[in-house]
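There are 2 protein chains.
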Amino acid sequence: MLADLALVGFGNVGRRFATLLAERGARLRDDEDLTCRIVGISTRRHGAAWDAAGIDAPAAARAVEQGGSLGEGGGADATAALIAGLARSTADLRVVIETTTLDIRAGQPAIDHVRLALSSGCHAVTANKGPAAFAYEELSRAASASNLAFLFEGAVMDGIPIFNLVRETMPAIDVLGFRGVVNATTNHILSALEDGEAFAPALARMQAEGIAEADPSLDVDGWDAAAKTAALANVLMRAGITPHDVRRTGIGEASAAAAVRARAEGRRLRLVASAGRLPDGSIDAVVAPIALAADDLLAGLRGQANALVLSTDLLGQVAICQLEGSLTQTAYALVSDLVTIARQHRARRAAPPRRTP
Amino acid sequence: MLADLALVGFGNVGRRFATLLAERGARLRDDEDLTCRIVGISTRRHGAAWDAAGIDAPAAARAVEQGGSLGEGGGADATAALIAGLARSTADLRVVIETTTLDIRAGQPAIDHVRLALSSGCHAVTANKGPAAFAYEELSRAASASNLAFLFEGAVMDGIPIFNLVRETMPAIDVLGFRGVVNATTNHILSALEDGEAFAPALARMQAEGIAEADPSLDVDGWDAAAKTAALANVLMRAGITPHDVRRTGIGEASAAAAVRARAEGRRLRLVASAGRLPDGSIDAVVAPIALAADDLLAGLRGQANALVLSTDLLGQVAICQLEGSLTQTAYALVSDLVTIARQHRARRAAPPRRTP
Numbered sequence: 003m004l005a006d007l008a009l010v011g012f013g014n015v016g017r018r019f020a021t022l023l024a025e026r027g028a029r030l031r032d033d034e035d036l037t038c039r040i041v042g043i044s045t046r047r048h049g050a051a052w053d054a055a056g057i058d059a060p061a062a063a064r065a066v067e068q069g070g071s072l073g074e075g076g077g078a079d080a081t082a083a084l085i086a087g088l089a090r091s092t093a094d095l096r097v098v099i100e101t102t103t104l105d106i107r108a109g110q111p112a113i114d115h116v117r118l119a120l121s122s123g124c125h126a127v128t129a130n131k132g133p134a135a136f137a138y139e140e141l142s143r144a145a146s147a148s149n150l151a152f153l154f155e156g157a158v159m160d161g162i163p164i165f166n167l168v169r170e171t172m173p174a175i176d177v178l179g180f181r182g183v184v185n186a187t188t189n190h191i192l193s194a195l196e197d198g199e200a201f202a203p204a205l206a207r208m209q210a211e212g213i214a215e216a217d218p219s220l221d222v223d224g225w226d227a228a229a230k231t232a233a234l235a236n237v238l239m240r241a242g243i244t245p246h247d248v249r250r251t252g253i254g255e256a257s258a259a260a261a262v263r264a265r266a267e268g269r270r271l272r273l274v275a276s277a278g279r280l281p282d283g284s285i286d287a288v289v290a291p292i293a294l295a296a297d298d299l300l301a302g303l304r305g306q307a308n309a310l311v312l313s314t315d316l317l318g319q320v321a322i323c324q325l326e327g328s329l330t331q332t333a334y335a336l337v338s339d340l341v342t343i344a345r346q347h348r349a350r351r352a353a354p355p356r357r358t359p
Numbered sequence: 003m004l005a006d007l008a009l010v011g012f013g014n015v016g017r018r019f020a021t022l023l024a025e026r027g028a029r030l031r032d033d034e035d036l037t038c039r040i041v042g043i044s045t046r047r048h049g050a051a052w053d054a055a056g057i058d059a060p061a062a063a064r065a066v067e068q069g070g071s072l073g074e075g076g077g078a079d080a081t082a083a084l085i086a087g088l089a090r091s092t093a094d095l096r097v098v099i100e101t102t103t104l105d106i107r108a109g110q111p112a113i114d115h116v117r118l119a120l121s122s123g124c125h126a127v128t129a130n131k132g133p134a135a136f137a138y139e140e141l142s143r144a145a146s147a148s149n150l151a152f153l154f155e156g157a158v159m160d161g162i163p164i165f166n167l168v169r170e171t172m173p174a175i176d177v178l179g180f181r182g183v184v185n186a187t188t189n190h191i192l193s194a195l196e197d198g199e200a201f202a203p204a205l206a207r208m209q210a211e212g213i214a215e216a217d218p219s220l221d222v223d224g225w226d227a228a229a230k231t232a233a234l235a236n237v238l239m240r241a242g243i244t245p246h247d248v249r250r251t252g253i254g255e256a257s258a259a260a261a262v263r264a265r266a267e268g269r270r271l272r273l274v275a276s277a278g279r280l281p282d283g284s285i286d287a288v289v290a291p292i293a294l295a296a297d298d299l300l301a302g303l304r305g306q307a308n309a310l311v312l313s314t315d316l317l318g319q320v321a322i323c324q325l326e327g328s329l330t331q332t333a334y335a336l337v338s339d340l341v342t343i344a345r346q347h348r349a350r351r352a353a354p355p356r357r358t359p
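Chains as they are written, first to last, in the working numbering: chain A, 3 to 359; chain B, 3 to 359.
No wet-lab data here; the hints were simulated from the structure. No experiment lies behind these values; they were computed from the predicted model shown. Note that beta-carbon positions come from the ideal geometry of N, C-alpha and C, so glycine has one too. What you were told as hints is all true, and nothing was included just to trick you.
With beta-carbon atoms standing in for the labels, derived distance ranges:
| # | chain 1 | residue 1 | chain 2 | residue 2 | range |
| --- | --- | --- | --- | --- | --- |
| 1 | A | Asp-32 | B | His-246 | 29 to 37 Å |
| 2 | B | Arg-90 | A | Ala-83 | 56 to 64 Å |
| 3 | A | Ala-108 | B | Glu-140 | 54 to 62 Å |
| 4 | A | Ser-148 | B | Glu-140 | 40 to 48 Å |
| 5 | A | Ser-148 | B | Arg-31 | 19 to 27 Å |
Facing chain A, a subset of chain B residues (Cβ under 7 Å, in silico):
| # | residue |
| --- | --- |
| 6 | Ile-162 |
| 7 | Gly-318 |
| 8 | Val-320 |
| 9 | Val-341 |
Partial list, derived from the structure: chain B residues whose beta carbon lies under 10 Å from chain A:
| # | residue |
| --- | --- |
| 10 | Arg-26 |
| 11 | Glu-34 |
| 12 | Pro-163 |
| 13 | Glu-170 |
| 14 | Asp-297 |
| 15 | Ala-321 |
| 16 | Cys-323 |
| 17 | Ser-328 |
| 18 | Tyr-334 |
| 19 | Ser-338 |
| 20 | Leu-340 |
| 21 | Arg-345 |
| 22 | Ala-349 |
| 23 | Arg-351 |
Here chain A stands alone, though its shape is the one from the complex (with noise of 0.2 Å):
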């Protein structure tokens, strides 16, 4: 099976993307009958390429790392004809392979680019939470009705399958709430809050590490955490709610002493997203610093290490946890999403297609 990809974006993520699809070529050939070929990439400052032959996108991405252009052109424009481009491919499978820079609080451009995917014939995959937490019953209909899969199992937790978990193995049954910590620079912070550290410091450690970002609001103010929450429940309970819906508190200079104090009643200040359906069958969906008791298993997460809680009804609680963190793990995420789609492709050539997670 032959999948001709469209890059939207190559930045880190989607530059190690493309190596990591180098370096795993043959063993998704060997084990998955799917040779991948990408014939695309379009960037906003780098331009962009096309050749229905293939790039060498392992040295496109060089080019880019050492300053280079892939060539002319670049931007919504570039994006727009690249995607009309990848439609026109006779290969069995067209995906775009969606990793831009997301506004957070609007899930931009990243929806548009999922929607023009889709509208175009094409598979969707992105790296960005923003399509699964602020459109996902639109993007996922709009899929569905046209047979193709709007996929994003790095949104949150990496390449670590959490939307993969529950679809492909946890079949008839339902999620009833989840609760996790989903969010590393925040649980760094909180790590180093504990330890005794003042969070103005703490957190200027992060950024020099690389760890936090330069503006580090996103996820000390919980954006990026609500944007995951929405994006689970959105998925994994139907929720239809967006970020601005979770209700929401971050973590700041208070912290400091909540941290400490939380650990010498031999508690843990974790920043905790959670959801589960009230009695009216909505979602309550929160992201907030919980002290939680030593023995909660979210208690024990320290620095990088992220987890999921399952509230299941027939598995009753499962935990799945990331304890490390990589580009390759979040590069490894729309690998697994291209096999899920060749694997659906090849079920779907069968027989109808089963219902939408």
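Given chain A's structure and the hints, the job is docking chain B onto it.
Then chain B, alone, in the frame of chain A:
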């Protein structure tokens, strides 16, 4: 898609499977286009039943629970006749559901039942760890040569996805090793010991509460954990070992002092099952009580909680945790294996099978 099922063994797990299948029948039809019909049941002491039009299995379960018999026959002859009968079914899928009592030191009679199912052209699903622990290579080769499935999700951590997790959600990934707490009885006992109980009273209490078996030696001597370790190593790392190849240390009277000492040092004594690859390529598999650092994810597991930490090449360490245990979870493992068979069947009708996991 219609699946005819023959149940070999009808103890607690087999009976809960029958009722769970009835409870989720509509869901399986809607979500998976899968209709399941139990056409036969064989037991060792409660007779056997056969009806090509379908048995009312929940009623049969109630009858057995009230001390009744399913009908004449039973034992090995009935099982052979049952599988021969199933093999003549013209349903889309013919599946043997194996839940007999296991001789954990030999893997029998589960291995024979799986072997007979496969050689008769039926898919084989078992709740037992014996077949994967003792005969994985043979049985998986036999299955794949006949385009049949040999599945056993319930063998480790009940219905929590382990084998499905790796096969379905981690494509193109290598498992380099694992460590876990996979035996609930010993974890219950160690939790009591670290709280200050002595070994014999703790064990007696577990037996009184139904947590430990009347003959607890398979658990406390580490046999159960060793069988699970062998199954995990065989499937995830192609180890080709048996439980006899696992270096095995159980727990006993001396564990009480060790557990208290560990806790005083801020550590936790847990029965850890692990495997890794030695420089010569062979697998080193071990079950032993280990005093873990308090911040080890496995240290935080108390009582019936189990967890497995996979070391992978692309995702680093990934952990999956079972925080509660129940008969429903074990029975659910069989349901999830049935769904896997249905999905694979659908994919196989369209294309050659993928390489066996």
